[in-house]
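Colleague: Modelling step: build the complete structure from the supplied sequences, incorporating the hints.
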Amino acid sequence: MKQIIAYLQPSRYPAVSQALHMIEGLLSVSFSPVRGFDADRMSNTEPLTLKELMDYAPFVRVEVFCADDLAYEARCTIETRARTEPGGEGKIFVLEVGQAFHFQADEAKADALSPPATVNGKKWIKLGEPSRP
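Numbered per our numbering, the sequence shown spans residues 1 to 133.
The set of hints was computed from the structure by calculation and includes no laboratory data. One thing to keep in mind: the hints can contain errors.
[As the list claims (entries may be wrong)] List time: in silico EDC-like cross-link candidates among lysine to aspartate or glutamate, alpha-carbon distance up to 16 Å: (1) 91 <-> 63; (2) 2 <-> 55; (3) 51 <-> 63.
[As the list claims (entries may be wrong)] FRET-style restraints, in silico, Cβ to Cβ: (4) 94 <-> 34: 16 to 24 Å; (5) 37 <-> 99: 26 to 34 Å; (6) 25 <-> 50: 43 to 51 Å; (7) 95 <-> 11: 24 to 32 Å; (8) 19 <-> 46: 37 to 45 Å; (9) 10 <-> 98: 29 to 37 Å; (10) 96 <-> 23: 15 to 23 Å; (11) 55 <-> 96: 29 to 37 Å.
No residue lacks a Cβ here, since even glycine has one placed at the ideal position from N, Cα and C.
Modeller: The following block contains the structure:
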């Protein structure tokens with residue numbers, strides 16, 4: 001199992017979100033607004049003022065948890081959809097996940113990312129999949 005963490009420009013969020021929804025079997029994705037700075041900010045040799053220290057750039061943090069066989073596709077999807085010109089795209093990290101737990105079961109399961117059979121008494125369907133009675 002893999003965890004993918006990416007930081008991207010807020011303007012790229014809609015394209016990345018839509019593209020990740022289209023990956024078959026990808027079930028756990030979250031997006032959060034964050035603020036921060038990168039290496040470009042550190043190249044400044046002059047001391048920063050208090051205002052400059054507090055004026056971080058906005059980014060969107062993307063977190064994906066997926067099976068190993070989906071990690072490459074998810075990473076490439078984020079990378080291609082998040083790309084901006086002339087630069088300033090952000091960063092992508094891919095990490096190993098040792099275990100995943102279901103809150104309800106209180107036990108480690110290899111299928112912790114598989115969808116439940118039902119949600120609130122209704123059959124689970126993937127986005128874009130036609131519902132069946």
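Colleague: For each hint given before, does the structure comply? Return the numbers of the non-compliant ones in rising order.
Modeller: 2, 3
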